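S.K.: Just so you know, the sequences run in chain order A and B. Going by UniProt numbering, 89 is the number at position 89 of the first sequence; the sequence numbering is gapless. Going by UniProt numbering, 393 is the number at position 393 of the second sequence; the sequence numbering is gapless.
Incorrect hints may have been included.
Stated by the list, open to error - Computed list of lysine-lysine pairs in DSS-like fashion (alpha-carbon distance at most 30 Å, straight line): (1) B/Lys266 with B/Lys365; (2) B/Lys167 with A/Lys167; (3) B/Lys167 with A/Lys183; (4) A/Lys31 with A/Lys3; (5) B/Lys370 with A/Lys167; (6) B/Lys51 with A/Lys3.
Hint data in this document are derived by calculation from the structure and do not stem from the laboratory. Given the structure is predicted, the values throughout are model-derived calculations rather than measurements.
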Amino acid sequence: MDKFETLTGVAAPLPLINVDTDMIIPKQFLKTIKRTGLGKNLFDEMRFDENGAEKPDFVLNKPAYRDAEILVAGENFGCGSSREHAPWAILDFGIRCVIAPSFADIFYNNCFKNGILPVVLPAEQVETLMQDARKGANARMTVDLERQEITASTGEVFPFEIDSFRKHCLLNGLDDIALTLEKASAIEGFESRAAQSRPWV
Amino acid sequence: MTGKTLYDKIWDAHVAHEAEDGTTLLYIDRHLVHEVTSPQAFEGLRMAGRKVHAPDKTIAVPDHNVPTTLERNNGIIDNEESRIQVEALDTNAREFGVHYYPVSDIRQGIVHIVGPEQGWTLPGMTVVCGDSHTATHGAFGALAHGIGTSEVEHVLATQTLIQTKSKNMKVEITGTLAPGVTAKDITLSIIGKTGTAGGTGYVIEYCGEAIRSLSMEGRMTVCNMAIEGGARAGLVAPDQTTFDYVKGRPHAPKGAQWEAAMEWWKTLHSDDDAQWDKVITLRGEDIAPVVTWGTSPEDVLPITGRVPEPGSFGGGKIEAAQRSLDYMGLTPGTPLSEIEIDTVFIGSCTNGRIEDLRAAAAILKGKKIKDGLRAMVVPGSGLVRAQAEEEGIADIFKDAGFEWRLAGCSMCLAMNPDQLAPGERCAATSNRNFEGRQGKGGRTHLMSPAMAAAAAVTGRLTDVREMM
Numbered sequence: 001m002d003k004f005e006t007l008t009g010v011a012a013p014l015p016l017i018n019v020d021t022d023m024i025i026p027k028q029f030l031k032t033i034k035r036t037g038l039g040k041n042l043f044d045e046m047r048f049d050e051n052g053a054e055k056p057d058f059v060l061n062k063p064a065y066r067d068a069e070i071l072v073a074g075e076n077f078g079c080g081s082s083r084e085h086a087p088w089a090i091l092d093f094g095i096r097c098v099i100a101p102s103f104a105d106i107f108y109n110n111c112f113k114n115g116i117l118p119v120v121l122p123a124e125q126v127e128t129l130m131q132d133a134r135k136g137a138n139a140r141m142t143v144d145l146e147r148q149e150i151t152a153s154t155g156e157v158f159p160f161e162i163d164s165f166r167k168h169c170l171l172n173g174l175d176d177i178a179l180t181l182e183k184a185s186a187i188e189g190f191e192s193r194a195a196q197s198r199p200w201v
Numbered sequence: 001m002t003g004k005t006l007y008d009k010i011w012d013a014h015v016a017h018e019a020e021d022g023t024t025l026l027y028i029d030r031h032l033v034h035e036v037t038s039p040q041a042f043e044g045l046r047m048a049g050r051k052v053h054a055p056d057k058t059i060a061v062p063d064h065n066v067p068t069t070l071e072r073n074n075g076i077i078d079n080e081e082s083r084i085q086v087e088a089l090d091t092n093a094r095e096f097g098v099h100y101y102p103v104s105d106i107r108q109g110i111v112h113i114v115g116p117e118q119g120w121t122l123p124g125m126t127v128v129c130g131d132s133h134t135a136t137h138g139a140f141g142a143l144a145h146g147i148g149t150s151e152v153e154h155v156l157a158t159q160t161l162i163q164t165k166s167k168n169m170k171v172e173i174t175g176t177l178a179p180g181v182t183a184k185d186i187t188l189s190i191i192g193k194t195g196t197a198g199g200t201g202y203v204i205e206y207c208g209e210a211i212r213s214l215s216m217e218g219r220m221t222v223c224n225m226a227i228e229g230g231a232r233a234g235l236v237a238p239d240q241t242t243f244d245y246v247k248g249r250p251h252a253p254k255g256a257q258w259e260a261a262m263e264w265w266k267t268l269h270s271d272d273d274a275q276w277d278k279v280i281t282l283r284g285e286d287i288a289p290v291v292t293w294g295t296s297p298e299d300v301l302p303i304t305g306r307v308p309e310p311g312s313f314g315g316g317k318i319e320a321a322q323r324s325l326d327y328m329g330l331t332p333g334t335p336l337s338e339i340e341i342d343t344v345f346i347g348s349c350t351n352g353r354i355e356d357l358r359a360a361a362a363i364l365k366g367k368k369i370k371d372g373l374r375a376m377v378v379p380g381s382g383l384v385r386a387q388a389e390e391e392g393i394a395d396i397f398k399d400a401g402f403e404w405r406l407a408g409c410s411m412c413l414a415m416n417p418d419q420l421a422p423g424e425r426c427a428a429t430s431n432r433n434f435e436g437r438q439g440k441g442g443r444t445h446l447m448s449p450a451m452a453a454a455a456a457v458t459g460r461l462t463d464v465r466e467m468m
């Protein structure tokens, strides 16, 4: 997993609530057995018409946002299925930070496993950033994870909260499994106690 | 000391390690695996030279991609990508030595139906799967939730998950349900009230007389859609109904172990003085047969209602509702019971169990589906299918004009050939009405199996009470 320290890039506005994982990556693209290559189908049904041609109105098809690295969206972003293909598609497209008033639980977790930073801010602050993002290619925001701040193109600064363990893992690009395996003795200890107390499991 | 909720008790019994900041390694008792969200996880293990930590606690079954037509019995999956994914599960299950029900096994079916059916899911357990509808297993008083593929790999390698604790929400359904009202109407009505993000950050415990009166099948339907309300998991405290369901299943404890398990299971309920972060109460008598009108599971109304005006909502929902109506091709003010459908889908992990098929068959008995309609029943497992055939339910469906399919996820998410064409409108017993969910441009109305059966007969959304 790549580290996430600071990111300065174009932010794309997607002012929709309840953006679900079927919108982010429709099921026909879940048949892959790889993690990569999904970016070309990110938001497929919103981005392309039935002939596969780009819909010019969709934000990521507009010249200013084709290289967006930040997405600003409405509440409950990522609701629906547990498919990690959703963050894989976002990452593969080149977006490393999503800003929204709230996220669905599983999607939020999945982001951290892939070096994507989901930022929760109050709805009115997200609205301010949404306005900023509407400026197009000039809407370059800076996300600083260490300082836990987003700086809009106007210079206005928005501090955000994040779980300290997740922040640590993201800043250092740490592999969860390797970290957990360091605690193998605690897991084995649990298993031997459980074998006594709940032998039927 | 204050009392504990059921969630607190299960959580406490599974903490393998707790860091100073509260980050916890939670031990996982059962890990269910299907073909769509696992190949990258097994590949990750292989590349790191890791093994599956507890293959005895890991159960694999293909369900999302598998065709449900009878030709599948010839062992052929036409879609190459689907075939590769199913074959990858086959290879991985055998190589890593986990429990496995291949497509050819009569016990194959939707992972959330197979787990309980085989007795893998037991009260007080932690159960995870790379699928959001893992919440289903909460019906047994098991802490069960969906995870992403990275977490699937983490559980395979360590049998634990890195977790922070959720908050406790109590959803109480008092009283009794009126005739024609089912578990599906309960769970949709709750989401209609709380919204799809209402449960975010919480584990829900469903309680109250109306929940207690439900069968295990009904409780599974309620818990299944906890995720649609945004919750991490849904729970129902185990009781005699639970124990009766579990007893005698292939992987349920037996003899002295059954007795020991029962002793613990009987303690698995929230204490009277437990602390709740949020409480929601609905009267069972107030719940009507409902349908969804939009493209979010929160877009729920009684079948007697009308398509709403987007302007009747607030905030971002005004635009969302307008977008939904455009997608669904509906005009505000139209009575819901005048919406014509062309497809009926009965099945899924929400409503693919024997009781669901019985409820639909009770409406269909001696009737025919409307001319020109496409209607299919996809049993949740090979065993549900066999039981329905034995009970004569299959014949009722077939005589009515339904296609009688083999087990799988099918048109709930349309990863296999069972899909809606653009503009087609479906009465579905599944769990999501998202844009494109059942096929690009397809339109989904969620409802109970009895309501879907009623719609099949009339060709429009129909109040099942008119047919009872």
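S.K.: Each hint should be assessed against the structure and marked as holding or not.
M.R.: Against the structure, the hints come out as follows:
| no. | hint | result |
| --- | --- | --- |
| 1 | B/Lys266 with B/Lys365 | violated, 40 Å |
| 2 | B/Lys167 with A/Lys167 | holds, 21 Å |
| 3 | B/Lys167 with A/Lys183 | holds, 26 Å |
| 4 | A/Lys31 with A/Lys3 | holds, 28 Å |
| 5 | B/Lys370 with A/Lys167 | violated, 57 Å |
| 6 | B/Lys51 with A/Lys3 | holds, 26 Å |
Hints 1, 5 from the list above are not met by this structure, while the remaining hints are.
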